[in-house]
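Engineer: Sequence lines, in order, name chains A and B.
Here the first sequence stands for residues 1 to 684, numbered as in UniProt numbering.
Here the second sequence stands for residues 1 to 684, numbered as in UniProt numbering.
Calculated directly from the structure, the hints in this document are not laboratory data.
Take the hints with a grain of salt, since some may be wrong.
All copies of an identical chain are treated as equivalent in the list; a pair is satisfied when it fits inside any one copy or across any two copies.
[As the list claims (entries may be wrong)] Here are the simulated DSS-like pairs of lysine-lysine, each with C-alpha atoms no more than 30 angstroms apart in a straight line:
#1 Lys407 - Lys329
#2 Lys664 - Lys25
#3 Lys417 - Lys261
#4 Lys25 - Lys660
#5 Lys25 - Lys369
#6 Lys386 - Lys359
#7 Lys85 - Lys105
#8 Lys369 - Lys292
#9 Lys261 - Lys47
#10 Lys105 - Lys660
#11 Lys664 - Lys105
#12 Lys292 - Lys528
#13 Lys335 - Lys92
#14 Lys675 - Lys609
#15 Lys609 - Lys664
Listed here are the chains, written in short residue letters.
2 protein chains.
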Amino acid sequence: MSEFTAIDITAINTIRTLAMDAVQKANSGHPGAPMGLAPVAYVLWNKFLNYDPADPMWPNRDRFVLSNGHASMLLYSLIHLAQVKNVDHHGKVLDEPSLPIDQLKQFRQLNSKTPGHPEHEYTAGVETTTGPLGQGVGNAVGMAIAQKWRAAHYGRPGFEALFDHRVYAICGDGCMMEGVASEAASLAGHLKLNNLTLIYDDNGITIDGHTNLAFSEDVPARFAAYGWNVLRVTDGNDVDGMAKAIEASKHADRPTFIALKTVIGYGSPHKADTHAAHGEPLGADEIKLTKKAYGWPEDSSFLVPDGVYDRFKQGIGARGAAAHAAWHKLMSDYKAKFPKEAAELDAVEQRGLPAGWDKDIPVFPADAKGLATRDSSGTVLNAIAKNVPWIVGGSADLNPSTKTFMKFPEAGVFSAKTPGGRNVHFGVREHGMGAIMNGMALSGLRSYGSGFLIFSDYGRPPIRLAAIMNLPVLYVFTHDSIGVGEDGPTHQPIEQLMSLRAIPHLIVIRPGDANEVAEAYKYALQEKHHPVVFAMTRQPLPTLDRTKYAPASGLAKGGYALNDVPHPDLLLIATGSEVALALEAGEKLAAEGIKARVVSLPSWELFEKQDPAYRDSVIPPTVTARVCVEMGGAFGWERYAGRTGAVIGMRSFGASAPLKDLLKHFGFTVEAVVKAAKEQVGKK
Amino acid sequence: MSEFTAIDITAINTIRTLAMDAVQKANSGHPGAPMGLAPVAYVLWNKFLNYDPADPMWPNRDRFVLSNGHASMLLYSLIHLAQVKNVDHHGKVLDEPSLPIDQLKQFRQLNSKTPGHPEHEYTAGVETTTGPLGQGVGNAVGMAIAQKWRAAHYGRPGFEALFDHRVYAICGDGCMMEGVASEAASLAGHLKLNNLTLIYDDNGITIDGHTNLAFSEDVPARFAAYGWNVLRVTDGNDVDGMAKAIEASKHADRPTFIALKTVIGYGSPHKADTHAAHGEPLGADEIKLTKKAYGWPEDSSFLVPDGVYDRFKQGIGARGAAAHAAWHKLMSDYKAKFPKEAAELDAVEQRGLPAGWDKDIPVFPADAKGLATRDSSGTVLNAIAKNVPWIVGGSADLNPSTKTFMKFPEAGVFSAKTPGGRNVHFGVREHGMGAIMNGMALSGLRSYGSGFLIFSDYGRPPIRLAAIMNLPVLYVFTHDSIGVGEDGPTHQPIEQLMSLRAIPHLIVIRPGDANEVAEAYKYALQEKHHPVVFAMTRQPLPTLDRTKYAPASGLAKGGYALNDVPHPDLLLIATGSEVALALEAGEKLAAEGIKARVVSLPSWELFEKQDPAYRDSVIPPTVTARVCVEMGGAFGWERYAGRTGAVIGMRSFGASAPLKDLLKHFGFTVEAVVKAAKEQVGKK
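Starting from the given sequences, assemble the full structure and let the hints guide the process.
Structural biologist: Have a look at this one:
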């Protein structure tokens, strides 16, 4: 006998009609997917999700990810009906609903909490920002990794229940076609993340029409090939069948994929099972007919029938409250027994850092031969990570090159057998890596990822989403210029630096020597709300003599004058590997009586955050003789070169050759900088 | 009994030793994969490939794609040993080898024809530029689509053999992990591209170490799920087994995936089967030991033993010459019988256009209400495409939104059953789409793809590769600003325009009205060597009255003054949807006695190609009062605003709301432009 009764069906139809009504009122949105998915989402939330609506910040809550974010009204309806509480910007839970019914009526309006796609940073109860397809699958994998890690690292005998949450995600056909989801799913199977349940909304419809226009693969078989536990539910209204499948997923030894056949726009007499239900309002008449089909008052609008709120209270509400209370009780015992660990867990939730996190960061001695910033980066990362246990990350199969492996013995490798390990082998999956990093960060880990800067292109969407979500993820990109050398143009970044700088809210840092690297890490670790991208060299750079030049701590301001030239004839502005080049040119010029101020400008974003007085003190507007040097695209440097300044940068793709030949070929030489400088001074 | 004899093994070991020697001499590169793959590559080239080394431009040649491009020495060795001829920049075959042995000795050196990764544009015999992993799989799928289309469109009874080439590709573990290959493979299975054979170098080693660190999925089972014919060869030296598998692939009704177990660095006593063989020279001592293991003279270098060149001549050389000669004979009959089609095929090879290709491009009448540029784009695309049969393309599941469907009856849909169709349903696979478009273009088609501008991020790597390869692919990106409206920040491009402008060799065009759209298409179709990206609006724009304003043909110069203001007080510079806004502001200013020149700047790249005199005539350096308006990121506009000009652009992510609210919220109003203009004039 089914455990579901008439009120459950009413609750399901409430979700459907709220979605229809909100989209209709906004005259914009996607009603069809919420209508098809309402049963499974209801079953999941009200029968399974360990989630306390009274505290959406509870660390051990089950996570729910709606990867097909265009079905946002499904999630908003659930948040409303479950009466999830609101949270302020500091993460404090407020005694008010996250989404009162008025917010549903403000769907897709300016400043509402119900934007077109679910946005984590705006709406309590939304675990991650989705919309760009496939990303949510990666986020869910990241959250599952974070749970495994947290349980392994902080779990103690008798306290397993503190860290035993699961991750549930729903995705659509679009997610299944996107490579990012393929990458993440392959890794999830490899890691045997049995705390993850992915429900595939197999409705057979996309924007273009039926999926058979472009998509006829056997998706469940593909997930089986990834090593997932694959289950099928053939009727999107079979609430018992889906409950059984979800229950089974909790006991699997692998991640579970539930292929659920649904009907898009279910109940709509004329639009069900067509792409007309996908991305536009059903229309007033069709809504009436659909409500009639549900046995709903045809002229009702935003109706929540009696008993529906109560049903959610009895379900997710009561279950979540009890679980939460039991957790609190157990947590107080844990705190008493393991005060250090408990304090760390608090810090994790606050994006904080343990005392002394920076105590082992080295100061690098001046050294003309120097070392590559990828190498100093590896040293600094290790020095910090050993003091911050929840730094967890890795590379897209480039550890030997990016030097981002945590080498201290207790770091270990994250694997199915060693889920407390901190080095993640993401594989050659830059896009999946980024989406997974976001999920890890959403679950409190300080996640980092690395690769060659050129391959930031493979994973731009999750970098952007981290910026939208204010997530402090860290990217350590190395091989940051034609300094790559022999690998040639396909591997030499040109436009990548500038393209990353163009992303709002993202902080890009290209340190000029080992001590700037140390400062870059200091900044990045203390950053709570912005993703940070490092650009590190493959080739060695001199470590500057800081008794001669300004201290590297200037990095925190984004740009600073290295040499003391109060009234310069010209400015030499450089980043990263070109700082030493500019300094050398500056010395040559000085010998000829030309006073050049050399500015290290490792981060445009941090520099632009300084007050104008500081910026003008470093780059005086009156000094228009300027040479900017960066071994990336010249495009964009007009900002600092001004209309008349010179830019020594790349204006084409690179070439395959030893670096010394490339430097000469593309003009990154002291002679070229000196020549440009003289021309600038001559112009004045 | 094997058809392979001792000389074949010698030839295989020649490939291996050339790769070892070249990497050693360069002191940089990847010896291991060529050593493992030499047998299958040899079998494929010398026993199967229908390829005439005397004419690498022969249209019906079988295509070979090395998706794991870091194994470039494998390909260079084959090109050398098969004595493929050189080709000049105009595609003319020269009577000299593409890669004499000296070029192998110049591996990875400046200006050599043997760069670190294979580059189509430098080296005759290299069908596509590879290196960024997974791309080659997509290219191969595109080439397979192009062959199917060509055969269906130009094939005639009795002339099938003119268009019957196959596509062979080799890929590695990295390619198999990248989502782009997953996307392309899924579509290839859907389209039943039985002209495609993909050989998977399953060597179990990546840069980080054994693939079991991150990759334990059942790759063959995954390809079976995509609908591929899956074959296995368990010994990378089993030349008979691989010949059998390749032969079988020629008779399949689906694309064939051959999983081939190889040993990376085969023969190296200490480095075989380890990641030490992957990305660095073996070392002089290890090379000696390896050569000894092959029965090779230990102190030889770049040795091609007697009989090896001849073996290639007897194999690929003789087979290719015969096939090519037969093809020419048949082609002359075809020319006689089907002169129009034959002329078109010539044009396809030349990236030409048929006479009258532009005759149906409409002139749009002035219209204050106007239409979205995505709509005028759809009209113009259709007007051109019906006259250019080899325009083949589609969208990533966004046809109803991007308006890029070719609607004329003879266009049809490209599918397994209708391979002469021209509308390709790429599915929700932006990255795969781009890689496939490149493959189609490499096989002569004028390929286009479309999607929302925001999702250009999902497919940046193939856009960049198109620019590197000088391929004239066309991207029609729509929904090009916060004009997207209710879908909100995840769907509203901000930094995308500028990030695309930052890519070298790429032409970005954001037309300001319907007639600029027509001009944009005219330009793009005639462009033979650069990829072109269009940015089109979702929302309607007025069609400008060209009796009042300068003709839209100014677009070809990238930027032009719309109104006739010889001595302006200030410049209003705008693109796309903001052109009309600037014009309206200009009129308001004129009414107040302020003379504003309004400049439409649809393409920065085309504008920068003009001579300085023209540029200065449009944007006079002396007029420093400037307001630049673009509904994208402000970042980068310093180029035209100058140090003191104003930029009205986005400085954050967007928001979900109806467009009219967003315009006000983010300051894209006539009032805001007028205000900024007055401030600028006041400053002067």
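Engineer: Look at each hint and say if it fits the structure.
Structural biologist: Consistency of the hints with the structure:
| no. | hint | in the structure |
| --- | --- | --- |
| 1 | Lys407 - Lys329 | neither (37 angstroms within a copy, 66 angstroms between copies) |
| 2 | Lys664 - Lys25 | between (63 angstroms within a copy, 21 angstroms between copies) |
| 3 | Lys417 - Lys261 | between (34 angstroms within a copy, 27 angstroms between copies) |
| 4 | Lys25 - Lys660 | between (64 angstroms within a copy, 17 angstroms between copies) |
| 5 | Lys25 - Lys369 | between (67 angstroms within a copy, 25 angstroms between copies) |
| 6 | Lys386 - Lys359 | within (11 angstroms within a copy, 69 angstroms between copies) |
| 7 | Lys85 - Lys105 | within (18 angstroms within a copy, 69 angstroms between copies) |
| 8 | Lys369 - Lys292 | neither (79 angstroms within a copy, 39 angstroms between copies) |
| 9 | Lys261 - Lys47 | within (20 angstroms within a copy, 47 angstroms between copies) |
| 10 | Lys105 - Lys660 | between (63 angstroms within a copy, 19 angstroms between copies) |
| 11 | Lys664 - Lys105 | between (63 angstroms within a copy, 22 angstroms between copies) |
| 12 | Lys292 - Lys528 | neither (50 angstroms within a copy, 58 angstroms between copies) |
| 13 | Lys335 - Lys92 | within (21 angstroms within a copy, 78 angstroms between copies) |
| 14 | Lys675 - Lys609 | between (32 angstroms within a copy, 25 angstroms between copies) |
| 15 | Lys609 - Lys664 | between (35 angstroms within a copy, 26 angstroms between copies) |
In summary, the numbered hints that this structure violates are 1, 8 and 12.
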